[in-house]
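S.K.: What follows is each chain in one-letter form.
There are 2 protein chains.
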Amino acid sequence: MYRISSLLDRSRGHAGPGHRSLAERFTASAGAEGRFRTTEECLQWLGEQRELQAYAVERVPFDKLQGWRFTDDTGNLVHHSGRFFTIEGLEVGLSPFRVPTWTQPIIVQREIGILGILVKEFDGVLHCLMQAKMEPGNRNLVQLSPTVQATRSNYMRVHQGRAIPYLEHFAAPRRGRVVADSLQSEQGGWFLHKRNRNIVVEAEDDVEVLPGFCWMTIGQVRQLLQLDDVVNMDARTVLSIMPFARPHTGTGGDDPFRSAVLRSLEPEASTVHTVTDAISWLTENKARFELTQRRIPLLDTAGWHRGADEIAHVSGGYFSIVGVDVRAKDREVGAWMQPLLRPAAPGRLAFLVRRIDGVLHVLLQARPAAGALDIVEAAPTLHCTPQTFRTLPTAHRPRFLDYVLDAPQRQVRFDTWLSEEGGRFLHALNRYQIIEVEDTFPATPPPNFMWLSIHQLMTLLRFGNCLNVEARSLLACLHTLW
Amino acid sequence: MYRISSLLDRSRGHAGPGHRSLAERFTASAGAEGRFRTTEECLQWLGEQRELQAYAVERVPFDKLQGWRFTDDTGNLVHHSGRFFTIEGLEVGLSPFRVPTWTQPIIVQREIGILGILVKEFDGVLHCLMQAKMEPGNRNLVQLSPTVQATRSNYMRVHQGRAIPYLEHFAAPRRGRVVADSLQSEQGGWFLHKRNRNIVVEAEDDVEVLPGFCWMTIGQVRQLLQLDDVVNMDARTVLSIMPFARPHTGTGGDDPFRSAVLRSLEPEASTVHTVTDAISWLTENKARFELTQRRIPLLDTAGWHRGADEIAHVSGGYFSIVGVDVRAKDREVGAWMQPLLRPAAPGRLAFLVRRIDGVLHVLLQARPAAGALDIVEAAPTLHCTPQTFRTLPTAHRPRFLDYVLDAPQRQVRFDTWLSEEGGRFLHALNRYQIIEVEDTFPATPPPNFMWLSIHQLMTLLRFGNCLNVEARSLLACLHTLW
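Quick note, the sequences are listed as chains G and C, same order. Just so you know, we're using full-length UniProt numbering here: the first sequence kicks off at 1 and counts up by one. Just so you know, we're using full-length UniProt numbering here: the second sequence kicks off at 1 and counts up by one.
The hints are simulated quantities; they were obtained by calculation from the structure and are not laboratory data. Careful, some of the hints might be misleading.
In silico lysine to aspartate or glutamate, DMTMM-like type, Cα no more than 25 Å apart, as pairs [as the list claims (entries may be wrong)]: (1) C/Lys120 <-> C/Glu33; (2) G/Lys120 <-> C/Glu33; (3) C/Lys64 <-> C/Glu436; (4) C/Lys120 <-> C/Asp72; (5) G/Lys120 <-> G/Glu204; (6) C/Lys120 <-> G/Glu204.
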């Protein structure tokens with residue numbers, strides 16, 4: 001017989017040097033110091049990059065927003081090339097929900113971009129090639145980003161800038177080994193059906209380190225993730241898809257919380273539900289909510305007013321659309337202008353977690369979103385902008401909002417302010433928290449909530465379209481606790 | 001500490017009587033004769049039901065199609081209730097593809113229906129409660145269907161008929177145990193974003209058997225699946241999501257093909273690719289194809305002509321939309337009229353399979369579809385209507401079309417004519433084949449094809465949105481070969 005067994009995958013479970021599995025190698029990197037810089041030096045380097053990349057970002061009125069215009073017939077805000085993204089109107093019907101139908105501006109960007117982290121072993125330890133990247137919407141402009149963060153327009157060279165460095169590692173045909181690669185959604189309240197390809201590739205050849213890039217271990221990135229506004233959203237979502245196993249060393253010692261986190265990484269841990277239950281719970285909620293989405297002219301969004309320098313809701317709430325002028329010397333092009341979506345107030349995102357039979361469980365929420373591709377995704381326990389509810393009756397307050405607002409400091413295991421996508425949002429700040437509930441917390445959650453282990457979240461993540469971007473960010477944060 | 005470990009799932013891997021796992025119990029049912037009827041008697045019962053359920057289905061012109069009308073402004077074909085489904089126009093852009101843009105009629109049915117099979121153990125063997133169900137588009141009208149096959153309009157009682165029997169087992173809150181539950185797509189060339197909830201529930205209580213229903217083992221259903229036009233599409237897709245393990249008994253004996261099928265059921269079998277590779281391959285193809293979909297008035301579909309009794313393409317190809325008058329005495333309502341989509345010619349669907357290192361691998365195709373929710377799904381190796389290509393240049397013929405048409409009988413492992421959804425399609429017949437390739441078949445497939453094991457297909461299936469309905473049907477057929 002003609003032998004094609006050379007095609008067979010021999011690598012599963014025995015991928016790297018020393019016959020460690022991929023998950024074991026990523027786990028080892030999470031516990032290691034870097035070969036090139038200490039974490040302190042990484043932070044210092046990021047500060048230096050922020051000074052080197054001297055940018056100025058200024059608000060401009062729409063009539064000065066070069067390259068962009070409102071179309072006559074629809075009032076949609078579009079780029080003259082027809083690419084990048086557009087600001088359009090969306091008519092949403094959602095049932096059951098306190099507001100059964102509404103209209104709003106929405107960012108339409110159907111292109112699938114690439115968010116990629118290149119990893120490579122040095123002295124037996126995996127390092128991630130991280131980038132110090134300016135994005136105009138970040139309060140501090142430069143944050144730690146994936147190796148590649150490119151829209152399709154970017155990498156098809158629409159704005160005629162320099163080539164995207166390291167893109168060749170992520171675009172097929174490629175050398176190197178794909179560690180994880182899935183389509184993952186972004187902010188469903190602000191984007192229509194937006195997904196990016198999240199991809200991690202292990203380089204086999206030498207990799208030149210360009211200015212603005214730095215090799216760091218996963219442990220170092222995790223240390224930086226605990227600081228306000230350092231690790232950007234794109235880096236967080238790519239971190240979240242990496243495989244991890246329970247570390248061989250360390251049992252959590254005398255710390256029952258850490259022990260429970262470690263056990264929660266195990267595929268065989270004793271859990272409240274099975275993965276089949278989790279998929280069924282998402283399916284049930286997708287069938288339960290009726291979501292209709294209709295693209296409408298931006299001009300037809302009721303309650304939204306277009307002024308000279310912003311499109312805002314009459315209430316002053318939700319968000320506004322504004323224009324910015326960006327002057328820079330170290331991006332694909334030296335200067336540009338673009339619209340950004342500016343949230344009216346910061347958000348609160350929290351995982352409530354609980355030790356159940358010695359295994360950490362996270363309380364997920366099946367949450368529909370206006371621009372969701374598939375109706376519902378698993379979201380953080382609390383996912384809201386508290387300002388929205390100040391004037392609404394108590395009955396409309398999100399579940400667990402008051403619980404999170406009132407949680408005593410001793411229960412708070414993680415607490416950091418992080419920015420959302422600075423390429424599309426202006427100062428979109430969220431407070432990310434992981435809060436351990438006390439023993440008296442009700443055992444059985446409401447039907448659109450479910451207790452899942454960390455390993456179960458990682459399983460759902462592999463396939464895309466299951467966890468929203470805020471839940472993925474919080475999962476990356478949760479990994480800092482072991 | 002307040003103990004909530006009573007919440008813990010104790011059942012995984014030790015679900016049923018005798019501590020067999022769920023997959024083992026489904027596997028045992030696949031090898032068992034039925035407790036109530038022999039397979040021969042099941043077939044006889046189906047024939048009796050066909051005579052008992054005396055239906056007449058007749059074509060009617062659109063102006064006699066009661067309850068349905070063409071709207072004045074768009075020409076869309078709609079039901080007066082605004083529910084069920086509509087026939088609208090779709091403008092499709094697909095790149096790369098031999099036709100970069102086109103318009104066509106499409107069935108729009110955004111509601112998520114339920115396709116559910118109830119299972120229950122008798123004498124230690126799982127049985128499925130199958131239904132003899134009439135659907136107007138079936139050539140032989142009555143076929144073997146899931147326990148419940150209900151659109152949301154059906155079960156919300158839009159047409160005021162009798163209640164759907166057994167629905168209470170599938171709608172939350174329910175008793176019984178969910179075995180599998182996911183959203184799965186249907187014909188992407190004919191439906192826009194259509195999915196149904198595929199669900200299997202194990203009953204814990206006694207279940208009354210109503211007229212038109214029959215308990216059968218999975219083995220019996222599989223025997224019937226090998227006959228032309230007996231097991232309907234909805235039953236096939238629900239069968240495809242059931243869990244199976246390699247049987248404890250049987251090694252395939254002297255039959256190397258059957259041995260390879262059995263090994264392909266094992267999670268640990270040696271495979272060409274990993275599941276991560278498979279997800280990456282789908283992701284790559286979703287990023288590679290650009291698919292745009294815009295709903296347009298049915299009146300604006302170029303090349304399509306509305307006559308008195310059909311909407312057809314000027315070429316006579318593809319499909320037409322027709323109306324039927326259904327008179328029956330044993331469905332939710334006694335008589336109704338509705339449009340159906342009538343394919344112009346039968347289709348060919350084939351899995352090419354190959355033994356690689358003693359493990360059966362199936363060649364899947366990453367295939368975009370006009371109405372797909374997520375651009376691309378894994379489809380059969382060959383998935384086409386040969387008639388379409390008769391007049392086109394050879395370069396446009398689908399890969400492997402000639403290979404399938406010319407395959408000698410000795411390589412054909414499965415060969416059956418099956419119908420697609422008789423509630424929406426009129427005489428939509430496809431020839432389903434599983435063909436083993438010879439040793440000289442090229443080892444490395446084109447980039448939008450991938451060799452995967454049966455267990456890997458089952459893993460992708462669990463999450464939904466991965467395998468198209470024709471691939472799921474063929475997977476159900478493939479299971480008849482062990």
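S.K.: Evaluate each hint against the coordinates.
M.R.: Quick rundown of the hints versus the structure:
For the hint pairing C/Lys120 with C/Glu33, the CA-to-CA distance comes to about 15 Å; that is within 25 Å, so the pair holds. For the hint pairing G/Lys120 with C/Glu33, the CA-to-CA distance comes to about 55 Å; that exceeds 25 Å, so the pair is violated. Between the alpha carbons of C/Lys64 and C/Glu436 the distance comes to roughly 49 Å, so the proposed pair goes past 25 Å and is violated. A hinted pair counts as satisfied when its Cα atoms are at most 25 Å apart, and C/Lys120 with C/Asp72 does not qualify at roughly 51 Å.
For the given pair, G/Lys120 sits about 7 Å from G/Glu204 by alpha-carbon distance, which is consistent with the 25 Å threshold. A distance of roughly 52 Å separates the Cα atoms of C/Lys120 and G/Glu204; the hinted pair therefore is violated under the 25 Å criterion.
When the structure is compared with the earlier hints, violations turn up for hints 2, 3, 4 and 6 and for no others.
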